[in-house]
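Asker: Sequence:
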Amino acid sequence: MDKSSGAHSLYTFGNLLLKDALVLSSYSSICDILSIDSGGLWAEAEVTGVVGRAITIDCRYGKQTYSRHRKYWCRGHFRSTCKVVIDTRADNGQRGNFSIVDNARDGVFTVTMKNLNTRDTGWYCTEVSKCIYTSYFSDTLRATQSVTGVVGRAITIDCHYQKQWYRNNKKYWCWGYYRDSCQVVIDTKANNGRRGRFSITDNRDGVFTVTMENLTTGDAGWYNCGIEIPVFDPMFGVELHVSEGKLSELLILILMCKTLICESNQEDPTSTIQ
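The numbering of the sequence shown is the numbering used here, which starts it at 1 and goes up by one.
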C-alpha cells in the first residue's frame with residue numbers, strides 16, 4: 001500500500017521483444033502479481049513487436065477496485081522516475097505514437113505503440129503499476145510460422161539465424177507455445193543429431209534444420225526454434241498442422257482423371273457431343 005496516496009502499488013514484470021523483420025513469435029504467459037492485493041493487474045509476460053509497425057498491450061485489472069482510477073503508460077523501471085508518455089486523460093486517448101483506451105466494464109485498458117523503433121527499448125510501467133521490459137534483437141531468428149505435414153510422412157523445418165553471432169551456439173527444437181514451459185525434444189548436442197523420430201543439423205552458415213519423421217496427429221501444435229545464449233534465448237514459434245492426407249490424394253486423383261479425359265477427347269474427334 002502506498003501510504004502517501006492511499007493507492008495500491010502493484011508491480012509485475014514481462015518482456016516485449018522488438019524485431020526489425022518478421023514477427024518472430026508471441027510468447028504469452030501470465031505475470032506473477034507482486035502485491036498483497038489479489039485484485040491487481042496482469043498481462044502477457046512476453047509480447048513481440050516489429051520495428052516500423054505497431055504493438056498493442058492489454059492490461060487487465062480488478063474492475064471492482066480500479067475501474068475509476070486513471071490509467072497511464074510510463075517509461076522507466078522505478079515508479080519515482082517513470083516518465084508518463086500516455087494516460088487516460090489525454091485528448092482522445094492519443095499522444096504522438098501512443099494511444100490508450102480503458103474498458104472499465106471488462107476491467108482492461110489497452111496501450112498501443114505505433115511505428116516502433118529500437119529507441120523504444122527499455123522499461124515501461126502502467127498505473128496500478130505493470131512494468132514491461134523491452135529489448136531488441138536484429139532479426140536474430142526466423143522460420144516459416146505455420147507448416148503442414150501429412151500423417152506417416154516426414155516434415156523438415158529450416159530455422160534461419162545470424163551466423164556471425166550464433167554459428168557456434170547450441171541450437172534446439174522444443175515443443176510448446178510458452179517459453180518457460182517449452183520442452184526440448186532435440187538439440188545439436190544429441191548423438192548424431194538424432195533422438196527418436198527427430199533429427200537436427202546445423203550447417204553453421206545461418207541455417208539449422210529440424211526433421212520430424214512418421215508424423216502423427218498428436219504431433220500437431222506449437223514448437224519453437226531456439227538458440228542457447230546466456231540470459232535470454234532467441235526463439236521463434238512455429239505452428240505445425242498435421243493432415244490425414246486423404247483429401248490431398250483424392251484431389252490429385254481427380255485432377256489426373258480429368259486430365260486423361262481431356263487428352264482423350266482432344267485425340268478422338270468422334271467423342272465430341274453433337
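These aren't lab readings, by the way, just hints derived from the structure by calculation. Hints may be right or wrong, so weigh each one.
Capping the alpha-carbon separation at 27 angstroms, the derived lysine-lysine pairs in DSS-like fashion look like this [to be verified]:
hint, residue 1, residue 2
1, K170, K189
2, K83, K63
3, K189, K163
4, K163, K114
Computed beta-carbon distance windows for the label pairs [claimed, not checked]:
hint, residue 1, residue 2, range
5, G245, Q183, 21 to 29 angstroms
6, D91, E244, 54 to 62 angstroms
7, E244, R167, 24 to 32 angstroms
8, R89, T209, 38 to 46 angstroms
9, K63, K114, 22 to 30 angstroms
10, Y178, D91, 22 to 30 angstroms
11, D58, E244, 17 to 25 angstroms
12, G245, T56, 35 to 43 angstroms
13, T209, A54, 32 to 40 angstroms
Backbone N, C-alpha and C define an ideal beta-carbon position, used for all residues, glycine too.
Asker: Indicate, hint by hint, whether the structure satisfies it.
Answerer: Hints versus structure:
1. K170 / K189: holds (7 angstroms)
2. K83 / K63: With Cα atoms ~25 angstroms apart, K83 and K63 stay inside 27 angstroms; holds.
3. K189 / K163: The hint holds at about 18 angstroms.
4. K163 / K114: violated (30 angstroms)
5. G245 / Q183: 21 to 29 angstroms: Check passed, 27 angstroms falls within 21 to 29 angstroms.
6. D91 / E244: 54 to 62 angstroms: For D91 and E244 the Cβ distance comes to about 56 angstroms; the hint holds.
7. E244 / R167: 24 to 32 angstroms: violated (40 angstroms)
8. R89 / T209: 38 to 46 angstroms: violated (53 angstroms)
9. K63 / K114: 22 to 30 angstroms: Between K63 and K114, where Cβ atoms are some 27 angstroms apart, the hint holds.
10. Y178 / D91: 22 to 30 angstroms: Since the Cβ atoms of Y178 and D91 sit about 38 angstroms apart, the hinted range of 22 to 30 angstroms is violated.
11. D58 / E244: 17 to 25 angstroms: Violated, since D58 and E244 (Cβ atoms, about 37 angstroms apart) do not stay within the stated range.
12. G245 / T56: 35 to 43 angstroms: This hint holds: roughly 38 angstroms between Cβ atoms.
13. T209 / A54: 32 to 40 angstroms: For A54 against T209, whose Cβ atoms are near 33 angstroms apart, the range 32 to 40 angstroms holds.
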